[in-house]
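In order, the protein sequences belong to chains H and B.
In this note's numbering, each residue's number is its place in the first sequence (first place is 1) plus 40.
In this note's numbering, each residue's number is its place in the second sequence (first place is 1) plus 40.
Honestly, I wouldn't trust all of these hints.
Identical chains blur together in the list; that is why a pair holds if it fits in one copy or across any two.
Claimed, not checked - Taking lysine-lysine pairs in the DSS-like style, the calculated list, with each CA pair at most 25 angstroms apart, reads:
(1) Lys89 x Lys283
(2) Lys283 x Lys106
(3) Lys120 x Lys80
(4) Lys106 x Lys89
(5) Lys298 x Lys220
(6) Lys298 x Lys42
(7) Lys80 x Lys298
(8) Lys89 x Lys42
(9) Lys287 x Lys298
(10) Lys42 x Lys287
(11) Lys120 x Lys89
(12) Lys106 x Lys287
(13) Lys120 x Lys42
(14) Lys220 x Lys287
Just so you know, these hints were derived from the structure itself, not from any lab.
Given the structure is predicted, the values throughout are model-derived calculations rather than measurements.
So the chains spell out like this:
Protein chains: 2
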Amino acid sequence: MKVAVLGSSGAMGRFFASYFVARGDEVVGYDLSPPDHPVKGLTLARSTKEAAERADIVLVAVPMPKTLAVVRRVSRHLRKGSTLIEISSVKGNSLRPLRLAVSLTGARLLSIHPLFGPAARRVGMKFCVIGGRSDIASARRLFPRSVLIPMSQQGHDRAMAYVLSLVQLTNLAFLSTIAKGMGLEQFGRAASPIASAQLSVARATLSQDPSLFSSIQTLNPYARETLSSMVGELTRLQGLLAKNDSKGLQRSYEGTSKRQSRSELQGSLRAVYSLV
Amino acid sequence: MKVAVLGSSGAMGRFFASYFVARGDEVVGYDLSPPDHPVKGLTLARSTKEAAERADIVLVAVPMPKTLAVVRRVSRHLRKGSTLIEISSVKGNSLRPLRLAVSLTGARLLSIHPLFGPAARRVGMKFCVIGGRSDIASARRLFPRSVLIPMSQQGHDRAMAYVLSLVQLTNLAFLSTIAKGMGLEQFGRAASPIASAQLSVARATLSQDPSLFSSIQTLNPYARETLSSMVGELTRLQGLLAKNDSKGLQRSYEGTSKRQSRSELQGSLRAVYSLV
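With the hints as extra help, turn the sequences into a complete structure.
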């Protein structure tokens, strides 16, 4: 198959270019910036048009706020019957205009969200797929060994407000609290295995692209609501602590602990200890 | 050496009893409750007195709020020149009366804090040691291959307000937010590698003893202050999000990210991916 990757110098663009090259596809890339180091087997085109016009698959891996403009620009060059893949982390209100732009040309939009960063080994790929059976079927053909989770657009964004937005904001706040308080180095030194694993998770969230982070926060309509719940929970615990309410704190702990099986908790503890 | 473990049926009591048995010490345990399954090589005494009166080392591993009462009760049976070890997670105001109770009998207090739970393999032991060189030296004799971090009482409690209290409260709030929102099972299903590692860390914090959790919160005089900083950080981010301030969010992210080396962040990302 002929595959075009738009944004082929970026981290996710490079990841998918390598993936399709390894599959044996003929892969053409295009990017405004030249790549830091080239992806082996990837041919570079001089324009969006040149990359896309003979492609069966066009994968768009540009910064989220630019996706719609890039898709509109490329749409007139799409072959009839081809598939355009968009991989944004928030589907929000952009999916309808994207679908419209693509369908006008007789091509088809496949909206997926890779639930991993460019550091993932290819074996462990997991995608949200927006849409129904036929979308799952096309995603399955392209990524046969991956985990595919069908979701509605709204369901996806709501889930990502927890999975991405909340995890990132919580860890950002956690790290700045430590940095302004006891200091990160001291924390690492005195950390228990759980605290040390928490520090690693927090640092991992900060290893990402800052503009991707801010898009994930501001473009997701559910991020505010999720963050408010988190602030509400912390404030409730703060109230118990202010009153020195041992029993209340213990009840909160037990209440949340009981929502999970003992084996889940113990398994997590073992996993966390193995990280250290 | 003769070692007595008070609270030998509890998780940490069992851990240390096994440790000293494995070292070849003669170990006697005492507990109000009989053990669920006995520690191999451990002899059980019928009273605190019987356990302690001929011991070179008496290790107290009872619930934190009971430590002072148990130490006062046992102190009159301590041999002159023996060492009483206390392992509380918060040193607070109890260290001075503990030291007094022990020193009256000609014994010596060694105040340490094992920075690991009973699930730790023995190779990876890390302890805070409250005090100076002679305390470090006695801890070194007992735990020769462990990491020892000398700390003042206040320095210890301040550090633990981050390492224990903040990590636990943040994860408790995080889990209840998810449980009340999208649900923990759904979260696990749609989790990215980082989110999945965060879920494991949060679950690991909930695998502990609920009363230990509440003691760690209420007995540590710095826990409130640390939690307030965290709530302050989250509220600041909430303000940026409410104004849709992409640039401000990006600056916060970059500001915290820059406090750490690129290699630290990338190393954490690799560690987190390896967990999944």
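Which holds for Lys106 with Lys89 at a C-alpha limit of 25 angstroms: within a copy, between copies, both or neither?
within (17 angstroms within a copy, 75 angstroms between copies)
Tell me, please, which holds for Lys120 and Lys80 at an alpha-carbon limit of 25 angstroms: within, between, both or neither?
Answer is neither; intra-copy 29 angstroms and inter-copy 74 angstroms both fail.
Evaluate Lys120 and Lys42 at a C-alpha cut-off of 25 angstroms and name the case that applies: within, between, both or neither.
Classified as within; 14 angstroms inside a copy, 84 angstroms across copies.
If the cutoff is 25 angstroms on CA atoms, where do Lys298 and Lys220 land: within, between, both or neither? Let me know, please.
For Lys298 and Lys220, only the inter-copy Cα distance (13 angstroms) is at most 25 angstroms; the intra-copy one is 34 angstroms.
Which holds for Lys287 with Lys298 at a C-alpha limit of 25 angstroms: within a copy, between copies, both or neither?
For Lys287 and Lys298, the Cα distance is within 25 angstroms only inside one copy (16 angstroms; across copies 40 angstroms).
Should Lys298 paired with Lys42 be assigned to within, between, both, or neither, using CA atoms and 25 angstroms as the limit?
Classified as neither; 52 angstroms inside a copy, 40 angstroms across copies.
Quick one: Lys80 to Lys298, C-alpha cut-off 25 angstroms, is that within a copy, between copies, both, or neither?
Classified as neither; 51 angstroms inside a copy, 32 angstroms across copies.
Taking 25 angstroms as the upper bound on the Cα-Cα distance, should Lys89 and Lys283 be classified as within, between, both, or neither?
neither (66 angstroms within a copy, 38 angstroms between copies)
Homo-oligomer pair classification [Lys287, Lys220; C-alpha up to 25 angstroms]:
For Lys220 and Lys287, only the inter-copy Cα distance (21 angstroms) is at most 25 angstroms; the intra-copy one is 31 angstroms.
Since the copies are identical, ignore which copy is meant and state whether Lys283 and Lys106 lie within 25 angstroms (CA to CA) inside a copy, between copies, both or neither.
Between copies, since 21 angstroms is at most 25 angstroms while 50 angstroms is not.
With identical chains, the pair Lys89 and Lys42 could be close in the same copy or across copies; at 25 angstroms between alpha carbons, which is it: within, between, both, or neither?
Answer is within; shortest intra-copy Cα gap is 14 angstroms, inter-copy 82 angstroms.
Classify it for me, Lys120 with Lys89: is the Cα-Cα distance of at most 25 angstroms met within a copy, between copies, both or neither?
Answer is within; shortest intra-copy Cα gap is 14 angstroms, inter-copy 88 angstroms.
Consistency note: the structure conflicts with the earlier hints numbered 1, 3, 6, 7 and 10.
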